[in-house]
Structure formats: structure tokens, C-alpha cells
Amino acid sequence: MRRRDFLQGVAAGTLTFFFATPLGAAPIVPTRPGTYPEDFNAYLKISADGRVSCLVGKVELVDMVLGDTDLCPWDMPTGGSLTMWHTAPVLRGAAAEARAVLLRMASKALGAPVSGLTLKDGAIWVKETPARRTTFGELVKGRKMERHLGKVKPKSLSDCTLIGRRVPRKDALAKVTGAAQYAGDLRMPGTLHACVLRPPAQGQTLVTADTSAAERVPGVRIVRDGTLLAVLHAQPDTARKALALALVKGTFEGPEPDVDDVRIYQYLVDKAAPGQRVVISRGDIAAGEKRAATVVEGEYRNAYESHATLEPHTSVAKWEEGRMTVWASTQSPFVFRDAVAEALKLGQDKVRIIAQFVGGGFGGKLVGPGAIEAARIARQVPGVPIQVAWNREEDLFLDGYRPAAVVKLRSGLDAGRGAITFWDSTVAGVSQGEAELCYDMQSNRYQAPTVPGLHPLKVGAWRAPNAHTNAFARESQLDALAAKAGLDPVTLRRRLITDARLLRLLDLAVETFGWEPAPGPTGRGIGLACGAWRQGLVVALAQVTVDKRTGRVKTERFLEAVDVGLVVNPDGARQQVEGAITMCIGQALSEEIHFKGGRILDKNFDTYLLPRFSAIPRIQVVFAGTDTSVTQGIGEPPVVPVAAALANAVFDATGARVTHVPFTPERVLAALKLVPAS
Amino acid sequence: MNATTSFTLNGKPVTVASPRDRMLVWVLRDELGLTGTKVGCEAGLCGACTVLVDFEAVLSCSTPLGDVAGKSVLTIEGLAHDGKLNPVQEAFQDHHAFQCGYCTSGMIMAAWAFLKKKPKATRTEIVEAMEGNICRCGAHVRILDAVETAGKAMGGAR
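Protein chains in written order, with the working numbering: chain D, 1 to 678; chain Z, 1 to 158.
Just chain D, same shape as in the assembly (with noise of 0.2 Å):
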């Protein structure tokens, strides 16, 4: 919705802001230019009941929904750790000038100065006779105002009330007494499930099927739009076992691609190698060799990997007198919208889209292929509401995966052991997102490909996305050069960082693990890669012990060390820690999609293998408690350095480099096998 259709959407009654400049240093670079951030990009309305709301069109994954296209003004997806950072300071600044406003209005209303008023809770009094008050809500009776960012400082973070402190989760309540809803709980009257025939294989489509046998089953309907065929029934697992009668005689056609798990590394090189472009160059790469006195060479590795939100994607849409609806499962309802759109041929303002709790995104749910099925579904049946709820099967089939990827590096430090001469990363399946950490390298070149399709399965943004791999990377090669160079991990660090905040951070790591390090191999398992997304930094160190028969690693204990500037909710923000730390376990140790050409062997949780209770270690999280008001982003820093660290402690534990995530117990047994006997 634009700005002006908005303001005429308000109701009267309401004192309204409407904000256009985004206090703090945030950079926003907007996927639409010239309607974000020109527009405003938040809304603060105090209804005639006194009642404060804000509408912005973020999706909260762990709390209230906010995303409604009609109600809310044009928004960015949830994502990118992107939320804090961008809304934060205007709402700040937005409370800042309400304030401002409300004690002015007031001054008038009760005949005093502003300096003898009190405001609290809604309400505003005469500080000496507090008889005579009155409240926001008979304050804006009947105006509407519009006011601009900008003139009104926000109070001191010294001042403030809630800001830094713990919080009782609004959606606690309705998460404990399963009364939250979830897209899949909306029951609306006459609703009917769609199951969507799938090809085996990814990148296949639809040719013929033999429907008579489904259409057997009393109740159901058959929708096909294209390519797309659903088997709909007002029973959600009637629906599933009729399209399994469907699938017996559908055919498909595609081409699929001869690769599989183990062959993908090098089929990702082998495409990429044409198509290699220097990314990043500084310094003379040849030169900084000749200098080096320690080289390492390492090649890095990770597999595809699935989101694997616990609540798969999930839609219900309805068509009705010419617009559609989608209740959605969604971190991007204003993306989710325009494709919708788009696959209708609808124009943007005949979309709506609802979200609804969130049950898991993590980057997935920033695309709505679910929410598009059940569009095209919707739109053959006018007036029935439509859900599209995949399965766990269809989840792990249709993600789009964290990207497998091969990062070749090769590295020296010089005879001092204090200056890195060389750094040169030849690179496929990521970009160089994040690869650049603040350590002083006398010469770094990094290559990546431009190869369109060069994945043969659908990949997507998942939870730091490039991030993770490049800091696999980087942290396990600066930790072999360490020990090949006898030097501890934090020492090298410590002669490398050129940036003050990450050198206290690191230091915060270390004194609260309590660790006093020494040249690995130790035995002692303590393993330490530092990280960042955008200007949140972490330093992470895990300790874990290593089953030599098995090849099991078990994690016994992990620590991050976050500056993410101001904490403005501290127990929100340690849940997003704990929560990325336990999440990377699985990522470093477990979790891995297996595939034969465009076929996903992932079925279910039986092969996929998430991180259960068993697997969390003792978690600690730290925050550096920087005084800084602009707040970074924290649903992806800490995700960055956790396979690095893992794969560091591992070495420590036993002198093997793990360099392949996951690490199953299987590469885990291959690289014990190459560590020379002492």
C-alpha cells in the first residue's frame, strides 16, 4: 500500500505519525527503490481509547505477527538480521516525538508548562496537583497529525524503563496453551486441502496422470492449472492418500542432473572453473608467498542443508469478488504478495496476504512457493478457502537449500609469525559474503564464479547465508596456520585483528571460558573461530570430546561472545544466541541433504538429522555491553563461527582437521586416519 492510500485508510479520531527519516547510522538499501525508505517505513497511531499501537510490516518469527499487506505500510522481509537495525532507532525516535507532542497538547489542555508535567502510562498530569490530568487518548480525540523524524533526541538509554531489561514474552501465553495460530489451524467453513502431485525429481514437471482412480474417493476434486495438478478434500489425510492414488500413473519430464552427494564438490568446480572471477584483490598475491614462511593449504566443504522449519510451508487462499487472500506462513508478506501476483497475473492491490505465526523460517519462508500452489489452486475454485500444507516430505524436497559449496585456500604467515603475506580462496557454490573478517592480510584475492544455474538443487537464503561457509573457511585455515606455525589460536588472533571491538571480544571470550590456550594439538578439545554478519561481531569457543573408535563428536560446552551494540531485549537476544548455537550444532555435525541426480533421498527426520536433546552442550552467551545506541541484528551473527569453532576443538581434541561439514562420524573417522602417528 502506498503512503497516500494509507493516510486515507486512518481512521479519524487517531493521532497518527508517519515517519520518512530513519534516525541512526543504518544504511538501508532498499529492494524497491523509491518506495522504501522515501516512504515512511513506520507507523505509531494512538487511538481516541488511549491505546498505542505500531504497525510495521515485519513478521515477528518468535512473537506477535504483524504482516498484513492491507494494514500495514510497504515493508522488507524479515530477514538479513535487518529488523533491529532499521526499526529500531525510528520507533525510538517516533516515541521520542509523540512524546514531545502529547506533552505540548497537554500544556495547553490543563494550563501548565511542559516542564511541570509528568507523563506515564498513557497519561499525563500536573506534577504538584496530579488531580489535574489527562490522557493520550482525550488528548487526540477527533485530529489527525502527521509529523517527520528528526527534531525530538530520544531520552538517554540511562533513562530508560525497558530497554536492557527481561520481558515477559507477549505470545507466551498462547505458545504454552496451544491456543497460537499457526496458517495450518485456520479452520475456515468449507475449507479443502490440496496435495499437490510431485515429480520425483527436482527441476521435473508434470505430463499426463491418470486421475479416475482419486476421483473415486467420495469428496474429492481434482485441480489442474498447468502443470500444477491438486487432489482436494475437505479431510487433510484423505486428500494425501487419494493423490497417492494419482501418483501411481503420473508422468513427469526433465532433464536431472548426473550428480549426486559425494560427486557434488567436484562437480561444482569443474562448472565453476570457466566462469571464476577475482572478487576481491589486495596486494600482490605471488609477492606475499615468496614472504611466507608457513603455507597452508586447505580445502573446505559443506553440504546442502535444509531449513527444515518444524512447521513445513504452510498457505490457505481464498478467491472472492475478484481479489485473493493468502494466510500465510511468511517472513515476506509485501514478497510473498507480488508473486502471488505475479504467478496470477493479478495486479498487487487484488493480493492480500495475512501472516500468521510463524512456525520456523530461518531464510526459508522468505519465498512462498506453498503460498503461490495455493493461489493457482484457489483461483479455479472461487469462494473455497484452499490450504496448501505440505509434508515433511515435500518440505525437504521443494526448500531451497543452504548452498554446497568447495572453498580452496591457500596461506602463509611470515617468519615473525605476526603478519598473514598471503590469503588466496578460490571459491564455488557461495560469494564472498562475510569472507573478509578485520585481520590484517598483507595480500587476499578471492575468486568466485558467475555461473548462472550452477546448483543442480534449488538453493536459497538460509540463516547468514555465504557467511558460515567463508568463516568455515577462514577460521579453520587461521587455526592450522597456527598450530603448523606453533603459535595458540588466540595469540595469532591477537597479532592479526586490526579491529579494537573484536580484539575486547575476544578477550571477553577467553576470560569468561577461562581458558588459557596453548599450541594445538592440546588434547584438551577448546576450539575458537571468530565471526561476523554486517557489524555484529562473535567470537565462539566450543569444547568437545571425540569418540576415536566412533568418530563421534560430542559438544560439552560452547560460548559466544556477541557485540551487537546495544541489547535493547537481553533475553530475546541470549534466545537467538542459544538458539543459533544449537541450530549450527546440527549444521556442523549431522545435517546434510542426500541426492541422487534431481531426486532428494531426505524423506523425513529418519535421514535428516536435526540436533535432539542429547547433542546441546553446556551453553554460554556473553554480550560485550557496548555503549553504542545503534543496535545490530542478531538472528544471524551467531550462527557464523559455530562449525568453525567445532571443527577447531576437534583438531585440538586429536590433531585431526575436519574440513568437510557436516563432520558425520564417518569424515570424522577418514580425517583421524590421515593424522601421523606421534
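It is worth saying that the hints were derived from the structure and are not from the lab. Small disclaimer: the values here were computed from a predicted structure and weren't measured. All C-beta atoms in this analysis are idealised placements derived from N, C-alpha and C, irrespective of residue type, glycine included. Treat the hints with care, as some may be off.
What the hints assert, rightly or not - DSS-like mimics (lysine-lysine), calculated; alpha carbons at most 30 Å apart, straight line:
(1) K170(D) / K116(Z)
(2) K152(Z) / K554(D)
(3) K120(Z) / K554(D)
(4) K153(D) / K120(D)
(5) K554(D) / K118(Z)
What the hints assert, rightly or not - Per label pair, the in silico range of CB-to-CB distance:
(6) D21(Z) / R524(D): 53 to 63 Å
(7) F55(Z) / G347(D): 52 to 62 Å
(8) R599(D) / D21(Z): 22 to 32 Å
(9) D54(Z) / R216(D): 32 to 42 Å
(10) D54(Z) / Q181(D): 25 to 35 Å
(11) R20(Z) / T161(D): 54 to 64 Å
(12) R20(Z) / R599(D): 34 to 44 Å
(13) A17(Z) / R216(D): 14 to 24 Å
(14) E131(Z) / Q181(D): 27 to 37 Å
(15) E131(Z) / R494(D): 36 to 46 Å
(16) Q181(D) / A17(Z): 23 to 33 Å
(17) H81(Z) / R216(D): 45 to 55 Å
With chain D fixed as given, assemble chain Z onto it according to the hints.
Then chain Z, alone, in the frame of chain D:
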């Protein structure tokens, strides 16, 4: 074919007309409108659909309706009484033992079934009891803390 099956649901008698081999989770969600019980894997691998049948935790995605005939089924909706949360719910709320909340119903039901039998459980026993329930957001540490707290509240102080 549709048969009628009677059982007790959250303390009240119910009769549903649905095939007896239909999985309980669909009956709860679609016939009885209790959507607090979630569907995560439909194969007994994630625990999101955990409910109690005669006080034993069962996976409702893999339990045919016929199996609960004449028995007592308890779902997340039946835990709180007169607006008062059950000790496990209360502990989950206090510890913020969830993020997205999709696994939460199953977690709470599994924990409740376990603690009813063994409120004085050790951390290791709790881990074992909860191993069948998956949380993707990584709230595990808080879930374990919450289960411990609930155990103590239920008289299991060690």
C-alpha cells in the same frame, strides 16, 4: 468406513464418526477443532503431535483413532484449569522455553507425562525423556530448565 468411536477428551466424553484407522491427530485437529496439537513429520519422528492417552505420552500422528476407544485423551488444550496453567506450562512460560512455539505443545505434553511419573528426575533422565521431541529453533536448554523447574513445583525437589 465411518464408525463411531467414543473416548474421553480433556475430561469430557466425545463420540466421533470417522474411520477407526484414521490417525488421531487428524481427528483432533479437523473433527474436534483442537489445533494446539501440531503436525511436524507424520511419522513419529518429531514429537510435535504428542498427546496423552491414559496418561501415557503417545504420538497422535501414528495412533489410530480406534486405539483410543474408551480411553482418556489429554491434549494441550486440556492442561490448564479455570485459567490456571499447569506447572509445566507455567515453567515453559517463565523460562521462555520456546521460540516459534510450533514444537511447544508436544514438548509440554511429553514433559507432563514424564514428570507425572518421575518429578524427581535427573537432568540426564529429562534429556532421555525428551529425546523424541524436536525443537528446530534451539530452545533446548530452556526446555530442560523448564522441565526441571516444573518437576520441583510438582513436589520433586531433589
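Satisfaction of hint between K118(Z) and K554(D), Cα-Cα up to 30 Å: 27 Å, holds
Outcome of range test on Cβ distance (D21(Z), R524(D); 53 to 63 Å): Because 55 Å falls inside the window, the suggested range holds.
Taken at face value, is the distance from the CA of K116(Z) to the CA of K170(D) at most 30 Å? With Cα atoms ~28 Å apart, K170(D) and K116(Z) stay inside 30 Å; holds.
Has the given pair, K120(Z) with K554(D), been kept, meaning a C-alpha gap of at most 30 Å? 26 Å, holds
Could you tell me whether the CB distance from E131(Z) to R494(D) stays inside 36 to 46 Å? Given range 36 to 46 Å: holds, Cβ gap about 41 Å.
Holds or violated: K153(D) with K120(D), Cα cutoff 30 Å? 18 Å, holds
Should the hint that D54(Z) and Q181(D) are 25 to 35 Å apart at their CB atoms be regarded as holding? For Q181(D) against D54(Z), whose Cβ atoms are near 29 Å apart, the range 25 to 35 Å holds.
Cβ distance range 34 to 44 Å for R20(Z) and R599(D), holds or violated: Given about 35 Å between the Cβ atoms, the range holds.
So does D54(Z) sit 32 to 42 Å from R216(D), Cβ to Cβ? 38 Å, holds
Are the Cα atoms of K152(Z) and K554(D) separated by 30 Å or less? Since the Cα atoms of K152(Z) and K554(D) sit roughly 29 Å apart, the hinted pair holds (cutoff 30 Å).
If you check the beta carbons of F55(Z) and G347(D), does the distance land in 52 to 62 Å? Since the Cβ atoms of F55(Z) and G347(D) sit about 56 Å apart, the hinted range of 52 to 62 Å holds.
Cβ distance range 54 to 64 Å for R20(Z) and T161(D), holds or violated: Since the Cβ atoms of R20(Z) and T161(D) sit about 58 Å apart, the hinted range of 54 to 64 Å holds.
Consistency with the previously given hints is maintained throughout, with no hint failing.
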